[in-house]
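Participant: Residue numbers (the numbering used here), protein chains in the order written: chain A, 1 to 96; chain B, 1 to 96; chain C, 1 to 96; chain D, 1 to 96; chain E, 1 to 96; chain F, 1 to 96; chain G, 1 to 96; chain H, 1 to 96; chain I, 1 to 96; chain J, 1 to 96.
Be careful, since some hints might not be right.
Said to hold, decoys possible - Okay, derived cross-link-like pairs now, DSS-like style, lysine-lysine, Cα gap no bigger than 25 Å in a straight line:
(1) D:K20 x C:K6
(2) C:K20 x E:K20
(3) F:K33 x F:K6
(4) F:K6 x E:K6
Claimed, not checked - Partial pick of chain C residues on the chain D-facing surface, computed with a CB cut under 10 Å:
(5) T23
(6) E27
(7) K28
(8) A29
(9) Q32
(10) C46
(11) N52
(12) S54
(13) N70
Bear in mind the hints are in silico, worked out from the structure with no lab data behind them. Virtual Cβ for every residue (Gly too), placed ideally from N, Cα, C.
Each chain, letter by letter, is given below.
Protein chains: 10
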Amino acid sequence: MLFAVKMDVDLPVDMDPVVKADTLAREKAYSQKLQQGGEWAHLWRCVGQYSNLSVFDVADNERLHEILWNLPLFPYMTIEVTPLAQHPSDIALLGS
Amino acid sequence: MLFAVKMDVDLPVDMDPVVKADTLAREKAYSQKLQQGGEWAHLWRCVGQYSNLSVFDVADNERLHEILWNLPLFPYMTIEVTPLAQHPSDIALLGS
Amino acid sequence: MLFAVKMDVDLPVDMDPVVKADTLAREKAYSQKLQQGGEWAHLWRCVGQYSNLSVFDVADNERLHEILWNLPLFPYMTIEVTPLAQHPSDIALLGS
Amino acid sequence: MLFAVKMDVDLPVDMDPVVKADTLAREKAYSQKLQQGGEWAHLWRCVGQYSNLSVFDVADNERLHEILWNLPLFPYMTIEVTPLAQHPSDIALLGS
Amino acid sequence: MLFAVKMDVDLPVDMDPVVKADTLAREKAYSQKLQQGGEWAHLWRCVGQYSNLSVFDVADNERLHEILWNLPLFPYMTIEVTPLAQHPSDIALLGS
Amino acid sequence: MLFAVKMDVDLPVDMDPVVKADTLAREKAYSQKLQQGGEWAHLWRCVGQYSNLSVFDVADNERLHEILWNLPLFPYMTIEVTPLAQHPSDIALLGS
Amino acid sequence: MLFAVKMDVDLPVDMDPVVKADTLAREKAYSQKLQQGGEWAHLWRCVGQYSNLSVFDVADNERLHEILWNLPLFPYMTIEVTPLAQHPSDIALLGS
Amino acid sequence: MLFAVKMDVDLPVDMDPVVKADTLAREKAYSQKLQQGGEWAHLWRCVGQYSNLSVFDVADNERLHEILWNLPLFPYMTIEVTPLAQHPSDIALLGS
Amino acid sequence: MLFAVKMDVDLPVDMDPVVKADTLAREKAYSQKLQQGGEWAHLWRCVGQYSNLSVFDVADNERLHEILWNLPLFPYMTIEVTPLAQHPSDIALLGS
Amino acid sequence: MLFAVKMDVDLPVDMDPVVKADTLAREKAYSQKLQQGGEWAHLWRCVGQYSNLSVFDVADNERLHEILWNLPLFPYMTIEVTPLAQHPSDIALLGS
Chain A
1 MLFAVKMDVD
11 LPVDMDPVVK
21 ADTLAREKAY
31 SQKLQQGGEW
41 AHLWRCVGQY
51 SNLSVFDVAD
61 NERLHEILWN
71 LPLFPYMTIE
81 VTPLAQHPSD
91 IALLGS
Chain B
1 MLFAVKMDVD
11 LPVDMDPVVK
21 ADTLAREKAY
31 SQKLQQGGEW
41 AHLWRCVGQY
51 SNLSVFDVAD
61 NERLHEILWN
71 LPLFPYMTIE
81 VTPLAQHPSD
91 IALLGS
Chain C
1 MLFAVKMDVD
11 LPVDMDPVVK
21 ADTLAREKAY
31 SQKLQQGGEW
41 AHLWRCVGQY
51 SNLSVFDVAD
61 NERLHEILWN
71 LPLFPYMTIE
81 VTPLAQHPSD
91 IALLGS
Chain D
1 MLFAVKMDVD
11 LPVDMDPVVK
21 ADTLAREKAY
31 SQKLQQGGEW
41 AHLWRCVGQY
51 SNLSVFDVAD
61 NERLHEILWN
71 LPLFPYMTIE
81 VTPLAQHPSD
91 IALLGS
Chain E
1 MLFAVKMDVD
11 LPVDMDPVVK
21 ADTLAREKAY
31 SQKLQQGGEW
41 AHLWRCVGQY
51 SNLSVFDVAD
61 NERLHEILWN
71 LPLFPYMTIE
81 VTPLAQHPSD
91 IALLGS
Chain F
1 MLFAVKMDVD
11 LPVDMDPVVK
21 ADTLAREKAY
31 SQKLQQGGEW
41 AHLWRCVGQY
51 SNLSVFDVAD
61 NERLHEILWN
71 LPLFPYMTIE
81 VTPLAQHPSD
91 IALLGS
Chain G
1 MLFAVKMDVD
11 LPVDMDPVVK
21 ADTLAREKAY
31 SQKLQQGGEW
41 AHLWRCVGQY
51 SNLSVFDVAD
61 NERLHEILWN
71 LPLFPYMTIE
81 VTPLAQHPSD
91 IALLGS
Chain H
1 MLFAVKMDVD
11 LPVDMDPVVK
21 ADTLAREKAY
31 SQKLQQGGEW
41 AHLWRCVGQY
51 SNLSVFDVAD
61 NERLHEILWN
71 LPLFPYMTIE
81 VTPLAQHPSD
91 IALLGS
Chain I
1 MLFAVKMDVD
11 LPVDMDPVVK
21 ADTLAREKAY
31 SQKLQQGGEW
41 AHLWRCVGQY
51 SNLSVFDVAD
61 NERLHEILWN
71 LPLFPYMTIE
81 VTPLAQHPSD
91 IALLGS
Chain J
1 MLFAVKMDVD
11 LPVDMDPVVK
21 ADTLAREKAY
31 SQKLQQGGEW
41 AHLWRCVGQY
51 SNLSVFDVAD
61 NERLHEILWN
71 LPLFPYMTIE
81 VTPLAQHPSD
91 IALLGS
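Kindly produce the complete structure, drawing on both the sequences and the hints.
Facilitator: Have a look at this one:
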């Protein structure tokens, strides 16, 4: 099941540099593991923003929440979740 | 170059059924041709909305505008364009 | 899987009374069938609004979209979908 | 009487861990007691958000305010209250 | 139980004058009957707006919805409902 | 002359408890004096919010500003002022 | 007593030209009479908008509402009313 | 003096094709004359929108309003005006 | 040339009292000098708000920006600028 | 390729003066280098705001993001990016 997720990150400007570096490193590792696992299907940077647009391919709502809730950057994020379905014009349907 | 595009469609409820059917058919054909060409890279339906979230892979701004401006449903659409860039955590970078 | 769905209905004031009555009857039958089937788990009227707050219990996004897209009142609706997950304080967890 | 209540929680990132743990524990106990009492009828987590959607079944406005005002997390919450009424299509009406 | 209700009226500029006059007359009679009955406790005009701010004193949510849903002007209204409770500084509490 | 005033209070979570208690006490006394004087005609708590909806009956704009500006909680408030006039359906007009 | 009033005019593009011309003429005459009487103290056009920013000097709320409600263009307007008071830095205070 | 002006065009979908073609032709001629005159300094299309971002170089507010008010498409436009000043980092200042 | 300027002031509640008093004094002096010079043509307090609505009569955009940018309270302000032009119904036109 | 970029700067009022001066100096140098290089094609100050409206002429999205992400003031900015295309009425087209 697919979900589009917009994540806007807002780090305090006076964040402890050590904490910041550690959090960002854990976030990167966490995300790359999920990308390699296939659940984090797409990850794009929104130009000019500390934001990303992602698409997740997960079993269900519970799993998506588990993934997002445990993002190291979660406490600094504003997240918008849009459930996706197959579009009737999707050429993948032509094949089936 | 990638752009995320959200398209919300708002058809008049009293739209002439013939015009509506024709417009929707032309929209589908137009979109599928671009999908097959690779420029319309992703097309998802937003659940519960007459909206889609798409990702376009185009040469430049001019081409994206040309594509969107000529959508048969353009006059009935509210469109939001978000330029995308590669995310630093994108695992595709690990390969390169 | 649970989804909260807010539906705001905006019928044209000059809607043909016959079309209106027919659409509302079909909407009621459609909704009651889904309630009896268990997928439309909760349906409440928002006081003072031509709106409802519903909770759907469905297999996945595709099914939810199919249900909402085919609501007879869909063309007159503004719909907001919120995917739900189990809350960590939910007493149902105490039992399990 | 039913009310839908959306609660968005925004904890300071530099909140004292001890205070935080204590507040969350009190919040959980407070909520579970009300769930067991039946007044907190439904409690769902909104996917990807530090938010919940709840439905309260209370005697009146005064009681609902008392419950919400005394939530341990109240000072960190943005709350939206929607009074609910029975929907005319509610199948419970078929029985009566 | 008290509710504050803001009602914004938006009549079509091309509304049939006869229908308009009849609707307004029925609205006035409907409102005055409820005022005399005490349920429509306060009714003020918002300066410069085709809006009113009202306070209803009703048994419960169901009754409030019934009143609002049956306002002759309901189809032309945008309504905002705010449940009210007694304020801890209310001098009425000094007496009790 | 009547004004509806919505006051949303947002106290810093780390506010000095002594300062907080003193400010709240002064606010209560200030408000009750104005209620007894008749200028603060109505004061209701908005359910689930640290907000009140009030109606002031004052000589003019200057007096209303003076009252609001000097609220002990003013620095912590977001205030919305709506001038009110007599509604043409107000049954008080029937008497006159 | 002073009030700032922002008026945004939105005339239907298919408005009967005769009705439009008559309404605009009546609006101009109505406004100029009030300007000459001193109640409509300031009237400025907002650049690039079919809007004006005005300042009224009136006896009270009732009078302001009467003036605005009877504007020939009222049915086509969105109006925002801001009650004004004397600013503590107003040099007029230096004289007094 | 410079002003940035965002113009969003919203043509009725059922606009008479002849009127539409004529209005668009007059708009183009009007704009190109002002571009040639230098007052319409920049004119860009916003990708995916029936909108433009323009920069005007005009004598004063009155002139800008005159230009915008007389745009053939004005009745179909939502316009946002932002007065501009020289930026302190503008390299043109290095020369002077 | 006239500009309407809305200034909303938001002082930190924990602002150093000495700094606050000094800033406010400089702001008052700064404003009164400009009022006496005629550029700050109108200055009104918005009732119930730490805001003012002002009208400036200045040579051009550059001058207005210079005035606003150098307001002692500028760092604590949210400012909205609306360029004004003469209204076609302005009775001053009757004289000319 | 052209992009319009609105940058709103919000510096903490208690920012270390030395850090502030250094950041602003680096921002100015950074911007002027890009202006001289031609990528930062236009830079205007929005009157009364700590904001600028800029137009960038860059190779692609990646380059624009790189420029914006590395702005010394980026952590203090809210940025809005609007991709631009040539307007059909642009007189530059007349020449070609």
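Participant: Evaluate each hint against the coordinates.
Facilitator: Consistency of the hints with the structure:
no. : hint          : in the structure
1   : D:K20 x C:K6  : violated (32 Å)
2   : C:K20 x E:K20 : holds (21 Å)
3   : F:K33 x F:K6  : holds (19 Å)
4   : F:K6 x E:K6   : holds (12 Å)
5   : T23           : violated (13 Å)
6   : E27           : holds (7 Å)
7   : K28           : holds (5 Å)
8   : A29           : holds (9 Å)
9   : Q32           : holds (5 Å)
10  : C46           : holds (5 Å)
11  : N52           : holds (6 Å)
12  : S54           : holds (9 Å)
13  : N70           : violated (16 Å)
When each numbered hint is compared with the structure, violations occur for hints 1, 5 and 13.
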